[in-house]
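Respectively, the protein sequence lines represent chains A and B.
Quick note: the first sequence uses our numbering, first residue 1, plus one each step.
Quick note: the second sequence uses our numbering, first residue 1, plus one each step.
Since the hints were derived computationally from the structure, they do not count as laboratory data.
What you were told as hints is all true, and nothing was included just to trick you.
Chain copies aren't distinguished; within one or between two, either way the pair holds.
The list that follows gives simulated cross-link-like pairs (lysine to any residue, SDA-like), each with its CA atoms no further than 25 Å apart: (1) Lys231 / Ala177; (2) Lys231 / Glu256; (3) Lys33 / Met23; (4) Lys205 / Pro168; (5) Lys395 / Leu482; (6) Lys447 / Gln338; (7) Lys32 / Arg67; (8) Lys140 / Asp260; (9) Lys32 / Glu70; (10) Lys395 / Lys460; (11) Lys32 / Leu69; (12) Lys32 / Arg20; (13) Lys388 / Arg401; (14) Lys231 / Val178; (15) Lys32 / Glu16; (16) Lys286 / Glu61; (17) Lys460 / Ser329; (18) Lys340 / Gly489; (19) Lys340 / Asp483; (20) Lys205 / Tyr164; (21) Lys205 / Cys167.
Protein chains: 2
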Amino acid sequence: TLFIKPFKTTTVDQTEDFIRESMRIITEDAVKKATDVREKVCEWHSPEDLKELLDLQLTDEGESDTRILERCRDAIRYSVKTTHPRFFNQLYAGMEPYSMVASFIIEALKPSLYTYEVSPVFTLVEDAVLRKMREVIGWKEGGDGIFNAGGSLSNMYAVNLARYHHCPDVKELGLSAVPRLVLFTSQECHYSISKAAAFLGIGTKNVYVVPSDNRGKMIPTALEELIQTAKSEGAVPFMVNATAGTTVLGAFDPIEEIADICEKHNLWLHVDACWGGAALMSAKHKHLLKGVHRANSVAWNPHKMLMACLQCCAFLVRDKTGLLQRCYSARASYLFQQDKFYDVSYDTGDKSVQCSRKPDAFKFWLMWKALGSKELEQRVDRAFAMAKYLAQEVKKREGFRLLMEPEYANVCFWYIPPSLRDLPDSTELWEKIHKVAPVVKERMMKKGSMMVGYQPHGDKANFFRMIIISPQVSRQDMDFVLDEIDRLGRDL
Amino acid sequence: TLFIKPFKTTTVDQTEDFIRESMRIITEDAVKKATDVREKVCEWHSPEDLKELLDLQLTDEGESDTRILERCRDAIRYSVKTTHPRFFNQLYAGMEPYSMVASFIIEALKPSLYTYEVSPVFTLVEDAVLRKMREVIGWKEGGDGIFNAGGSLSNMYAVNLARYHHCPDVKELGLSAVPRLVLFTSQECHYSISKAAAFLGIGTKNVYVVPSDNRGKMIPTALEELIQTAKSEGAVPFMVNATAGTTVLGAFDPIEEIADICEKHNLWLHVDACWGGAALMSAKHKHLLKGVHRANSVAWNPHKMLMACLQCCAFLVRDKTGLLQRCYSARASYLFQQDKFYDVSYDTGDKSVQCSRKPDAFKFWLMWKALGSKELEQRVDRAFAMAKYLAQEVKKREGFRLLMEPEYANVCFWYIPPSLRDLPDSTELWEKIHKVAPVVKERMMKKGSMMVGYQPHGDKANFFRMIIISPQVSRQDMDFVLDEIDRLGRDL
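So here's chain A without its partners, still in its complex pose:
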């Protein structure tokens, strides 16, 4: 007999049939078709039209399994296929079958990661993955860490941990009892640093923004100056966030020089390597994060470049004294009983800001087991190589203009339609170029041929940002992107 006797008037067999049929639909539509290059990346509908198509309303009576299976098909059909080979819109993309299977196992088993008792396998798996990632960072003798629901949350963990390290009293007394605390990050950092400052009660104005150079890297002398400024104001610097792989330009802050400054001023160094951490897997490219072992904490998302399923985000800590647990513990007696019959140091829940927590490390562990470090390295190297190829093509082609040489897998460029190519360089020209990308984007979405992001950035007019991740992407795909932008925008 199957597991559930639904109140609904389905028999046990019908429920089993439903699951089997839904698995077939998922395999065909959400896996095979969604990743087939001959299919569309998306089937665009406006919010108003899509509401009609989906019939979203929730009612008193339930629907038949047949109808629910149709709804599954529709949800898949109208969703954007982020696993499609032509999806280049975000810092994640592509299908990793081993990780997907791990996800399914997690979903079916419904584990939550707070006590060993409830999640024995996933507790140990998380420990093993964190251990290996710390080793890759270069922390050879232990340390700590936790997987959590997103890189933004990892960065918040870091800010809070740095604050606690600097001033443990804040946990009990709050910020109203201490002088104004200040942290430092570059102008190119992810917006989660500013969100963290707001959420954690530090205040966005107490994030001192360090200028970056033309390549998007933090300028260490500017950091040094800003620390002095803060001190002269009577504020208390406690942390520097360095970014390894910035969101838009893919730049790497000079960690070694920043670490020197942090040591001098006794500041916590956090490295936001959510996007760029993958370079550590590559013997050839890990120099980009030179000095990362000197960081006090690192955020690194295997769901980005390394293609683990969403979300898979590690927050890693160099401390070996239990700082993480002291900072986050609340000692809930209904979960963390001290009279259990096993070693309760395996209960990780009191290190977390969450209560229920998903065992995301398993999605990375299973694929790592399947591929080995060597193949992960080759994939990273290939993304670097492909980005370089695309940049070269951009430089070769008429009507395309590279923003800057890629340092990582972000390739940023403008498309200039024929009508604008002979105009003199002027504010008016750039205002016109600024309007090109949104139209090209609209057209690619409505055609469903690919998805590439665009944005303005600082004083720069809207440009395309290609993100290269998936190992199935080839030179032909890179060529296709440029051809397609030209096809879609040449009449503008």
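On the provided structure of chain A, position chain B as indicated by the hints.
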């Protein structure tokens, strides 16, 4: 051709075979076997033994698909079956097939919820579910909300939003620029309120703990007094957290009376209904949350009593002026471009403290579509009835002692083995009773027959806390629990 050309020397067909075979294993082992009452709830191994069994180490070379499939089987085998009918250990349990299928769809499609452009279907689904949940709460004319990674996070959203509402300057200036802020919650509340105070820089000592009565309900007069105390100290009260369904005792704070006090003092009222919110689905039991429509915000987790897959957690807001967005916005230009070709008010990402965010609402929406509100109501009513039945049985049986009549689906009781039954009521007796539950728990884990939680609570010795959720649970299962505890503990 299939979606991916792995670097690994598998052919396309082999990858497809791998997925198909893994789906078969998941259906057989993680769904059917895991939920079969004749199987064990868990196969216990100590952390040291399990490490050996799992072979966790990550190495340079990858493994064959055959080996990876074995690893999938092992991960399932050694995991606790939280979907098993005899799992009563946490505030979630049981298998909901419609929600599980929705989870699989999400995992396969890899969506992230920040812009309509990337997640059109799931953006609209979340909106529809939040709308319906607000309607159930009794907010008829709009409002706001967001799904997020756990009830703890929902409660943190509430604390931050209440703070922002009270004093918008905190977002920019931080707490060091304002007087000491204080919030109120009962002694029985979830520990995430204290975690929120620590994380958000408020400080755990600025959480003023209101005494609860014997039933675990906040005492309104004590709240009123504590607010006066705080004011007399020069602190600034800004929020009260009321709990609907406390973690251990399943108690409901008197929302109506608390709302009166909040109105009088102009305080934000947040209702943590993560566990108890499900009672709102029941015409018979929704009186437990009487007055909830007067709250400013509500946290409610459909992954608990309503059995959506983990995690599925809504944070709901009564405000209609865009407070949530103003509080959380960071206006990242690479995501929230204002020159998009569709109505960007559908982009929800700037309301969130996360960047990537999973579309958890879909896991609730699909099951709600399948079951209808009526069946959700019947399920909730059944859990209440079953809790009542169990409490009656506890009272009837020798050697069992009920802590208190259940108000919800938590049934708390002591087991007193024969050797202790005739001893006089004394500190020594309770010290002995305190040691019973941990041993019984150890024995049930090693036998794998069921999982029931225990804890000390205030001055009360360790007692069992049965949580009744799953609609497949019958009176026979309730009887089994008591029989089994007696079997496992009668020699103590």
